[in-house]
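Colleague: Chain A is fixed; fit chain B onto it per the hints.
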Amino acid sequence: MTGFINDFKFVFIDGNRYEFILKGLGVTLGVSIASVFVGVALGLLLAIMKMTEVNREKKTVLSVIANIYIDIIRGTPSVLQLLIMYFLVFRSRLGIIAGIISFGINSGAYVAEIIRAGIMAVDQGQMEAGRSLGLPYKQTMRYVIIPQAVKNILPALGNEFILLIKETSILGYIAIYDLTKAASYITSRTYKMFLPLIGCAVIYYIIIKCLSMGLAKFERRLRENDRR
Amino acid sequence: MIDVKNLHKSFGDLKVLMGINTQINRGECVCVIGPSGSGKSTFLRCLNLLEKPNEGKIFIEGKDILNTACNVDRLRMDVGMVFQHFNLFPHMTILENLTLAPVKLKLMTEDEAKAKAMELLTRVGVADKADSYSGKLSGGQKQRVAIARALTLSPKVMLFDEPTSALDPEMVGEVLEVMKQLAKEGMTMIVVTHEMGFAREVSDRVLFMDGGFIAEEGKPEELFDHPQNDRTKSFLSKVL
Numbered sequence: 000m001t002g003f004i005n006d007f008k009f010v011f012i013d014g015n016r017y018e019f020i021l022k023g024l025g026v027t028l029g030v031s032i033a034s035v036f037v038g039v040a041l042g043l044l045l046a047i048m049k050m051t052e053v054n055r056e057k058k059t060v061l062s063v064i065a066n067i068y069i070d071i072i073r074g075t076p077s078v079l080q081l082l083i084m085y086f087l088v089f090r091s092r093l094g095i096i097a098g099i100i101s102f103g104i105n106s107g108a109y110v111a112e113i114i115r116a117g118i119m120a121v122d123q124g125q126m127e128a129g130r131s132l133g134l135p136y137k138q139t140m141r142y143v144i145i146p147q148a149v150k151n152i153l154p155a156l157g158n159e160f161i162l163l164i165k166e167t168s169i170l171g172y173i174a175i176y177d178l179t180k181a182a183s184y185i186t187s188r189t190y191k192m193f194l195p196l197i198g199c200a201v202i203y204y205i206i207i208k209c210l211s212m213g214l215a216k217f218e219r220r221l222r223e224n225d226r227r
Numbered sequence: 000m001i002d003v004k005n006l007h008k009s010f011g012d013l014k015v016l017m018g019i020n021t022q023i024n025r026g027e028c029v030c031v032i033g034p035s036g037s038g039k040s041t042f043l044r045c046l047n048l049l050e051k052p053n054e055g056k057i058f059i060e061g062k063d064i065l066n067t068a069c070n071v072d073r074l075r076m077d078v079g080m081v082f083q084h085f086n087l088f089p090h091m092t093i094l095e096n097l098t099l100a101p102v103k104l105k106l107m108t109e110d111e112a113k114a115k116a117m118e119l120l121t122r123v124g125v126a127d128k129a130d131s132y133s134g135k136l137s138g139g140q141k142q143r144v145a146i147a148r149a150l151t152l153s154p155k156v157m158l159f160d161e162p163t164s165a166l167d168p169e170m171v172g173e174v175l176e177v178m179k180q181l182a183k184e185g186m187t188m189i190v191v192t193h194e195m196g197f198a199r200e201v202s203d204r205v206l207f208m209d210g211g212f213i214a215e216e217g218k219p220e221e222l223f224d225h226p227q228n229d230r231t232k233s234f235l236s237k238v239l
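For the record, the sequence lines run as chains A and B. In terms of numbering that gives the first Met the number 0, the first sequence is numbered consecutively and its last residue is 227. In terms of numbering that gives the first Met the number 0, the second sequence is numbered consecutively and its last residue is 239.
One or more hints might be untrue.
Unchecked claim - Covered, in the sense of this in silico footprint (three residues per stretch, anywhere, with C-beta under 8 Å from a C-beta of chain B), are these stretches of chain A:
id, region
1, 45 to 55
2, 124 to 131
Stated by the list, open to error - Stretch-level coverage of chain B by chain A, calculated; a stretch enters the list once three of its residues show a Cβ under 8 Å from a Cβ in chain A:
id, region
3, 20 to 34
4, 58 to 65
5, 94 to 106
Simulated from the structure, these hints should not be mistaken for laboratory data. Here a beta-carbon is modelled for each residue, glycine too, at the ideal position from N, C-alpha and C.
For reference, chain B alone in the conformation it holds in the complex:
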């Protein structure tokens, strides 16, 4: 479904990605782990073109998204994204956060969007907060709303950029639970995370990134229990 070929990205002189090659299949949940500065987030952000790669190709459902003919806004409707810092719109109610995009993009009427939003909010368990502003929500609730918001356009892939890193420890569980549910329902997910427990339990495949490369990838049990690469070993020994 997603095919990444020889992806390079640098910020000025700083080379962040130095040739990423991978494929992600439909319905797969892939976790990306690795030390900070290894390019995990940049890789993820390239997939919906929040960062413009310098070199390489990305195909999503066979479409070359780096081709200038590709409509970036259209692409992003198919690729939902959840951010570390939630990025809810603070001047709107939770419900308005969810209905903004489908209504303004004329994909749904106001009523359809509201119905869909309430359904999603119920699914992530924050329906009672629909008319509140994000300032009144806990971190865990905010992130669950952010997940619901990313789902309003029924994307084909969901990207998660360290979704639990900004949360208080007691709220991590509720967010991971929503993500686990989503994975079970067959959503294609790419998750940059430091939650090794989640990666091991939920993901179908784990990518270990280091220094701008995918240093090792494999099924979670293989990668966590029998890492082949020395850098993977040393990273896992520090975090597990």
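One chain only, chain A, in its complex shape:
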């Protein structure tokens, strides 16, 4: 037991190494939150572009662009997207910004599908009922479809955020000290593998556990609303 405490002190306390962990945690959370905003904004735009083909009942320029975008992003590894963004687009500068944009662009493709699927999951009869009352497409969307789709979309969006937090662990590839990079840095300084890596894993786990519990509670609330 004293051995463990000594190791713990050596790994995290000596040389103020816990500061790396805290800073790394800040970077991980900051980049995740910023990326999710970029991702949702992009995803919303892409989903609207994609949905134009549903209204017109044929492919449109916008829907084709959105489809190509989603196809390419989903078809390439996110590490590679990050490297391309940082080294080719940003010329090895502004790593954090490059990271946020890269993750946002990546997440946007998935968010677009989440939003589209959430809207498509609303019973077709709802659109028909709205339209048959003389409401135009846009108003039916706004007052009838979207309020119901939000209940499908929000939980899935929470999931996407959780995935994004874990995804940011590749930030080390562009020399940014996020939580994972901080842990691996400590292993290289102390030659101790177990504590830094497991400690880092526990922190990720706790963050994500809290989020998913909050999400489950939120989902229950949405469902209760349905039963009133």
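Modeller: Leaving out everything else, chain B in the frame of chain A:
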């Protein structure tokens, strides 16, 4: 009032309507019967352009509704529709279901719409549920609300797409009663139905559809008691 000429509709390679010709007069209650897949619902849905016909013409009050200059949303205010699966908006109260369209289309103020909605809900006998959500209603109540909702804009025609097919048997009567009342008040109605009793008792005319055509039409007593067409005979022998 409604004049349908040579109406064709296909979904991909599947030809559903192959030349429908008929006229529906003001105040008439017309029932459309026929085997499933005969195109009854598609025909009905063409009348408010939920389906776009491939060929043919539809005139409503002399207006060519397939003309691109025709405002589809405006047209639908005159053509109410009741669906098999009610399609009430589950995230709104019953009252909000009724007031949404007139208020958002700026045809009535909030208060006018509410007053009209309550009047209609009273008429169909579900006024006490005005503040409930549709999840709390029985099938029969839902369909009566759906009828009231379709009436909020005072349409000139009402289309009913198998309004009782999704109901438990004991609730069919209450919905048919509301429809019967509506027919008595002189509403022009087109009803796709499997309720032969209703068709015989309430309708002024019955259309028998089969294979994308109107195979036979006539007064209910003629069509039910003395069918001329062999397919009508064989259909009626199965359902009566």
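Colleague: Indicate, hint by hint, whether the structure satisfies it.
Modeller: Structure-based check of each hint:
no.	hint	verdict
1	45 to 55	violated (count 0)
2	124 to 131	holds (count 7)
3	20 to 34	violated (count 0)
4	58 to 65	violated (count 0)
5	94 to 106	holds (count 4)
Checked against the numbered hints listed earlier, the structure breaks hints 1, 3 and 4; every other hint is satisfied.
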